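> Each chain, written out:
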Amino acid sequence: MAPKNLPIGTVMVLHALARGHQYGFDVLEQTGLTSGTVYPALERLESVGLARSRWEDAEVAHQAKRPSRRYFEITSAGKEELIRGLERYKALAPLTIDGVAHPQGVDRT
Amino acid sequence: MTDRVPHAARWTIAIAALLVPGYARRAWRRQWTAELEHRCSQSARPRGTFRFALGSLSHAAFLRREELTVRGWAGDLRHSARALTQSPGFTLLTIMTFAIGIGAPAAIFSLAEAALLRPLPMEDGERLVRIYTTKDGNRFSVSYPDFEDFTSRTGLFESASFYRSGGRDVSDGEDAERIAVTWVHDDFFQTLGTPPVVGRVFTQDDHDPTAVATLVLAEDFWNRRFAGDVNLIGQTIRLDGTPHTVIGIVARDSAWPVDAQAWTPLLWGGQVPAADRRRSNHSWNVIARVQPGVRIGDASVQVRDMARQIYAADDIDERDAGFEALVMGLGPSRTPDEAVAGFGVMGVAVLLVLLVACVNASGLLLSRASLRVREISLRATLGASRVRLVWMLLGESTLLAVAGGATGLIVAYLGLREVLRSAPGGLDRLLQVQLNWSVLLAAFVISLLAALLAGLVPALRAGRISVAEAIKDGGAQVGEGRRDSRLRRNLVVIELALTLALLLAAGLAIQGFQGQIAGDPGFETDDLLSFTVRLPAARYETSVEVGEYHRQALAALERHSGIAAATATSRLPLGAGGLGLRRAFIFDGAPEPPDGETFDADWVEVDASYFGTLGIRPTAGRPFTDADAADTELVAIVNSEMAQQMSPGKPIIGRRIRSVYDENLLRTVVGVMDDIQFNGIAGETRTPLVLVPRSQSPRRQLAVIVRSSGDPAAVIPEIRRLMAGVDADIALDELQLLRDAHAAGLAPVRFLSGAFTRFGLLALVLALSGVYGLMSYSVSRRGREIGIRVALGASTRSVRARVLREALSLAAIGCGLGGIVAYGLSQALARLLPGVAQLELLTAGAAALALAIAVLAASWIPARRATRIDPIAALRSE
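For the protein sequence lines, the chains are R and B, in the order given. One point on numbering: in this note's numbering, the residue at position 82 of the first sequence is 83, and numbering is uninterrupted. One point on numbering: in this note's numbering, the residue at position 402 of the second sequence is 873, and numbering is uninterrupted.
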C-alpha cells in the first residue's frame, strides 16, 4: 500500500537514502532534519515498503569496536515514489517572494 | 555505550525504550545505542547530543502508535483474511454457521422493527400516539370525558382527535360494495398531518350538522373503484343510500386507520351527544400528537396517573373502577398484544439458535487455532504481545461473523419477504420488512456479539500458548492437549443441551399451535360458504322490513339447485366475521353484581335453520323452530361449556337466564348443544355460547351461511346473482369459503409455528455438525492411540464402540442439562403463550432419545474412519 503524498520531510529522507546515505545519523546530517523527524520517517518508509533495513554484520561492528548499526536502503517502489514526490515539490521552486530568490529545490547539498 | 555519551541522553533513551512495544524493544535499543555512539564519536565535545536523543522519544512513540492503531490491526485483519481464503472449507463452514445463527435473530428483529419500532410515514410520525384506557392488561377505547381530560388537561399534546370505524355500502355505478368507513372528530387529519393528494381534508365547517355530508377517500380505493378520476371531487356518492360529497383523496400510507377506505366527519357541531357525556361510554379511538420534546413513555405515565385519579373518585360507577390509561406510539399500536408476546417467544428461540451457532463456531475456531499453534507461537516468539495475538484471533472471528451475518441477513430478508407475501391475512401489509439502517445496525451488533461469544474462548486459549511449547518439535500436537479437548467436549455438551431445550420448547409451542390449527371445529365445514350484509337504516326502517329482506334472501338462496341449505346468524363460527357480542348472564332470581357472580358468554342470534345448515343438533332439549317468534316465550340454547359453567352437574334446561347489562330480559333455556369452534381458535373451543332466535332479536346486520350441494366455489357467482335479485344496492361482504376464512385467521399462528420448527431444525443441524466435527477431530487426533490399540489386537467393533460411546456420553450429559433448561423455558413459554402445555417427561424422554440417535448417526462416519486406521502408518507418523 503506497501512501499518497508523502510529507516533505519523508521525501527528503527518501532522497537522502537514494543518494546512498544508509545510516540514520548520516541521513539526519544530510537533510538537516531533526532526529524526531528522521527516525519515525525511516520506520514509516520501511513499514510501507519504500525502504528496507538490515543490521550491520556483528563481526564487522565488533572489529570497529562499536554496536552494530541499522542500515537503510531505498527499494524500487521507493524510487518511484521519490520521483513522484520530487515532481510535486518541484512545482514550488520557481517562486520569488519580494525579490528574494527561493532556494532551488529542496536539496541543499 | 561508552562514557562519551552524556547521562541525559542515556536516560532519555532508557525512558523512551519503555514506550517501544515489546517485540521491537531490543532492536530499537541496539539501533539507538549505535546512533548515539556514532554521533558522540564525531567530536570530543558532543553538543546537542541531548537534543538528538530526544528524537528517540518520537521514534518510540511512532512504533507504539503503529502497533495500537487501526493500521496495525488492519494489517492483522488482512493477514487473517488471506489465511482464511487458504482454508476455504473451514471458512465456508464457519460463515454458514454464523449465517444461521445471526440470520435468525436478524429476521425476528426486522419483523419486530416493522411491527413495533418503525414510526409511521407521516410528518414527525414518531410523535403520533394512540391513547387507550386499560384494565387488567387489556386495551380499551376512551370515553369523551376521558378524551377531554387526557388531552386538554395534561398539556402533553399538540393536538388530538378521535374516531370510530365501521362498514357502509357504496352502490354508485358498479356493484354494491361494503367499504371500511371511519367517522372522525375535529382536527383528525390535522393531528395526523395527512396532506390531501387531491382536493382537501375536513375543516371545522364540515363538522357542522347542517352542512352537506362530506367524504374523503383513500387513494387505493379511489383508484380501484373510480379509476383515479379527478372529477370525482365535488361529486356525490351514496353511503348506505345517503349522499356524501367527495372533497378529497388521501394517500394510503399517510392515513389512519390502516384499512380505512373512506373518512367522514362526525356532525357534532360543538355539541356533545348525551350518550357521550358518560365517562363509562368507552367508545372512541383516540389519536394525538405529543408536543415536541415530550417522550411517549413520560406522557403515558402522566396520563395513567390522571386516569387513576379519575377512576378512583367516588362518583365512578362500580363497573368502571380500576381503569387506567396508556399512551402508545401509533405504529406499534397496530400490533396486538399477543403478537408482542409472540415476538418475545421468538426472541428467546432465536437467541438460543444464536447461542448454539456461537458455541459451534467456537468449536470450529478452537480446532483451527490448535492447527495453527506453530504460526501463533512463532508470532509470540517474534515479540507479538499476548494482547495483540488475542486481538488478531478476535479479528478473525469478527471477519467470519460479519461475513456470516451479511449472508444470514440477506437470506433472512429474502426469505421473510417470500413467507410474508404468501401468508394470507394481509400480514405483508402490516409487516413491511425493510433492510433499513436500524436492521443493518442490529445485524452488525449481533454479528459483533457473535464474534465475541464465539471467538473469545479460542482467542484467550491461543494467547496462552507458551513460546517454549512452540519450539518443541511437533508443535502441531501441543495445543491439542487434554485441556483443549475437554474444552471442545464441553462446548459440544452445551450445544446439545441448548438444542434439546430449543427442540422441546419448539415442540411445545407447535403442540399449542397445532391445537389451534387442527382442532375439530365440531361441524362439517367443507361445503360451507359465508358472507355478511348490512341493511341501511334509511331504507330498512322497521323490523318488519328487515325481516322481509331476511326471508326473501334465504328463500332465494334455498330455491337454487346448487344450494342445500342457508341460514342467517349474527356472527359466523370459526371467527369468520359478523357481529361479536359478549354478554354477562345470571339465573333468574340470582343476585346481580357486585353481590352475585355473572357468567360471560358469546351472544349469537340464529335462525331455526342454523342447526340443520351446520349439521349439528342440540344434545339435550330442542332446537329452535319457526314457532319461536317475537311474540312467543323468549328462549335460548346454551352450549355444553356454558351449561357446565352456570349449572355444573345439574340440568339447565327449563331454567331462566338473563343478560344483566344488555338485553336484561328473562329467557328460558330450551336446549344444550355441543361446543363448536366459535372464535376460530381451538384453544377456545370451549367458548361459552348463548344462542337466541333471530326472530326475537332482529338486526340489520346479517351473517349468512350457505351449504352448497356441489362444489362450493362454483356457487359464489350464483349467490351474488341471487342476492342482487333481492336488493342490488346491498353489498355482500367477505363472501368466501368458511374454511378459507378460518385459515386466514390462523395465518399468524401457522407463521409462528412454521418459524419455530425451522429454528429448531437449524439448531439441530448446527449441533449435529458440531458433534461430527468434534468426533472427526478426536479420531484424527488420537490416530496413534487407536493405532496402538489395533496393533495390540483391539477388534474393529471395539474401536468403533469406543468412539460411539464417547459421543453417547456427550449426548447423555447434554440431554440432562438440556432437560433442565427446557423445563425453565417451558415455564416461561406457558406464561407467554396461553394454550402451551407443560413439559411432559415422556415427550422430553422421546426428544432426548431422538437427539441421542442423531448424535450416534453423526459420529458414525468418524467411528468408521477410526476402524480404518492403519496401525503401522499411525505409529510411523511419529
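Keep in mind that the hints were calculated from the coordinates and are not lab data. As the structure is a computational prediction, the values presented were derived from the model and not from experiment. C-beta atoms are modelled at their ideal positions from N, C-alpha and C, and glycine is treated no differently. Errors might be hidden in some of the hints.
What the hints assert, rightly or not - So these bits of chain B aren't anywhere near chain R, every CB distance computed over 10 Å:
| id | residue |
| --- | --- |
| 1 | R496 |
| 2 | S512 |
| 3 | G526 |
| 4 | G705 |
| 5 | Q742 |
| 6 | N752 |
| 7 | A783 |
| 8 | G886 |
| 9 | G1290 |
| 10 | R1347 |
Unchecked claim - So the derived label-pair ranges between C-beta atoms look like this:
| id | chain 1 | residue 1 | chain 2 | residue 2 | range |
| --- | --- | --- | --- | --- | --- |
| 11 | B | L931 | R | E47 | 27 to 37 Å |
| 12 | R | G50 | B | Q557 | 55 to 65 Å |
| 13 | B | I1259 | R | E47 | 44 to 54 Å |
| 14 | B | L931 | R | D58 | 52 to 62 Å |
> Please go over all the hints and tell whether each is borne out by the structure.
Hint by hint, here is what the structure shows:
1. R496: Given a closest Cβ separation of 14 Å, the condition holds.
2. S512: violated, 8 Å
3. G526: At roughly 2 Å from the nearest Cβ of chain R, G526 of chain B sits no farther out than 10 Å, so the non-interface label is violated.
4. G705: holds, 66 Å
5. Q742: Correct as stated: the minimum Cβ-Cβ distance to chain R is 76 Å, above 10 Å.
6. N752: holds, 74 Å
7. A783: holds, 72 Å
8. G886: holds, 39 Å
9. G1290: The claim holds: G1290 of chain B sits with its nearest Cβ about 55 Å from chain R, beyond 10 Å.
10. R1347: Holds, because the least Cβ-Cβ distance between R1347 of chain B and chain R comes to about 42 Å, which exceeds 10 Å.
11. B:L931 <-> R:E47: 27 to 37 Å: For E47 of chain R against L931 of chain B, whose Cβ atoms are near 32 Å apart, the range 27 to 37 Å holds.
12. R:G50 <-> B:Q557: 55 to 65 Å: violated, 22 Å
13. B:I1259 <-> R:E47: 44 to 54 Å: Given about 52 Å between the Cβ atoms, the range holds.
14. B:L931 <-> R:D58: 52 to 62 Å: At roughly 41 Å between Cβ atoms, D58 of chain R and L931 of chain B fall outside 52 to 62 Å, so the hint is violated.
Comparing the model with each numbered hint stated earlier shows that hints 2, 3, 12 and 14 do not hold.
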